[in-house]
Amino acid sequence: IFQDDPSEFIGAQNLHNNELTDSCYDGMYPGHIHTTPIQKALLAVGSGVAALQNPYRHDMVAVLGETTGHLALMNLRDRMRNDPEGYTVLTERPRIRLSTLDLNRMASLPDGSFGREYLRFLEDNHVTPDSRADVKFVDHEELAYVMQRYREVHDLLHTLLGMPTNMLGEVAVKWFEAAQTGLPMCALGAVLGPLRLSSSRLQSLFTSLGPWALQNGRRSRCILSIFYERRWEQNLEDLRQELNIEPPPPVILGETNKRTVKEE
1 IFQDDPSEFI GAQNLHNNEL TDSCYDGMYP GHIHTTPIQK ALLAVGSGVA ALQNPYRHDM
61 VAVLGETTGH LALMNLRDRM RNDPEGYTVL TERPRIRLST LDLNRMASLP DGSFGREYLR
121 FLEDNHVTPD SRADVKFVDH EELAYVMQRY REVHDLLHTL LGMPTNMLGE VAVKWFEAAQ
181 TGLPMCALGA VLGPLRLSSS RLQSLFTSLG PWALQNGRRS RCILSIFYER RWEQNLEDLR
241 QELNIEPPPP VILGETNKRT VKEE
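Residue numbers in the sequence shown follow our numbering, run continuously in steps of one, and reach 264 at the last position.
Rather than coming from a laboratory, the hints here were simulated on the basis of the structure. All C-beta atoms in this analysis are idealised placements derived from N, C-alpha and C, irrespective of residue type, glycine included. All the pointers check out, no bait thrown in.
Label-pair restraints from in silico Cβ distances:
{"no.": "1", "residue 1": "Asn104", "residue 2": "Gln234", "range": "15 to 25 Å"}
{"no.": "2", "residue 1": "Val191", "residue 2": "Ala107", "range": "36 to 46 Å"}
{"no.": "3", "residue 1": "Glu123", "residue 2": "Leu52", "range": "29 to 39 Å"}
{"no.": "4", "residue 1": "Gly112", "residue 2": "Leu195", "range": "29 to 39 Å"}
{"no.": "5", "residue 1": "Pro249", "residue 2": "Leu195", "range": "14 to 24 Å"}
{"no.": "6", "residue 1": "Val45", "residue 2": "Asp139", "range": "13 to 23 Å"}
{"no.": "7", "residue 1": "Arg196", "residue 2": "Ser131", "range": "13 to 23 Å"}
{"no.": "8", "residue 1": "Thr36", "residue 2": "Pro110", "range": "45 to 55 Å"}
{"no.": "9", "residue 1": "Thr36", "residue 2": "Ala107", "range": "42 to 52 Å"}
{"no.": "10", "residue 1": "Ser208", "residue 2": "Thr100", "range": "29 to 39 Å"}
{"no.": "11", "residue 1": "Gln234", "residue 2": "Asp124", "range": "17 to 27 Å"}
{"no.": "12", "residue 1": "His34", "residue 2": "Asp124", "range": "34 to 44 Å"}
{"no.": "13", "residue 1": "Asp238", "residue 2": "Ala41", "range": "36 to 46 Å"}
{"no.": "14", "residue 1": "Met74", "residue 2": "Asp130", "range": "22 to 32 Å"}
Required output: the full structure, derived from the provided sequences and hints.
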């Protein structure tokens, strides 16, 4: 349905109606594209179909999340406001990008520290936080940051949960995120992701990994309320205990798939 950037579709409509400046910035936040409810519905349907056809269309998954997640984002924002550390994150608006990470310092941290294990995850899976798309279609500046923060902590969540980037690991993370965030995009990924798994991995998911992910997602502290940039030196196991996240069950996850399914 959307062969290229869906913002071009909306941009063309808005330019036709004189609703969008040439810079696609209306003053709410840089990069914001104003959309009407009808346009959001079209984007949601189109991006959903495209994401179903090709789960590796990260841009489509991102658009789906932005156009369907308003209520969940409000709930997450409120949870962050009611948490002292989460409130600080909302106030200071940190970003997880290569330009904000001190990779040399993180590499010098001891094995088992959160920062060192996160850096190892990035290196082993050949991924970068800079691959996360900027938010465009969320019509509220603070909620747009909440969505951006959700995207940028996804790889940190892989590290916290001990999940690789193969399909089984990604589905397990999506089950956790669905229970934790309530975002429709996560719920859809949790439901449809298992369709791409082999029978043996389906058995692991439904009998072990899935229940573990759902239980931990429901009971753990809000993952967006953690100022991760101030936690690099903390022991990973200590951080898991603080967040009320149990170590993953001893199942065979298989080799890491270097091609990562990114959402958002």
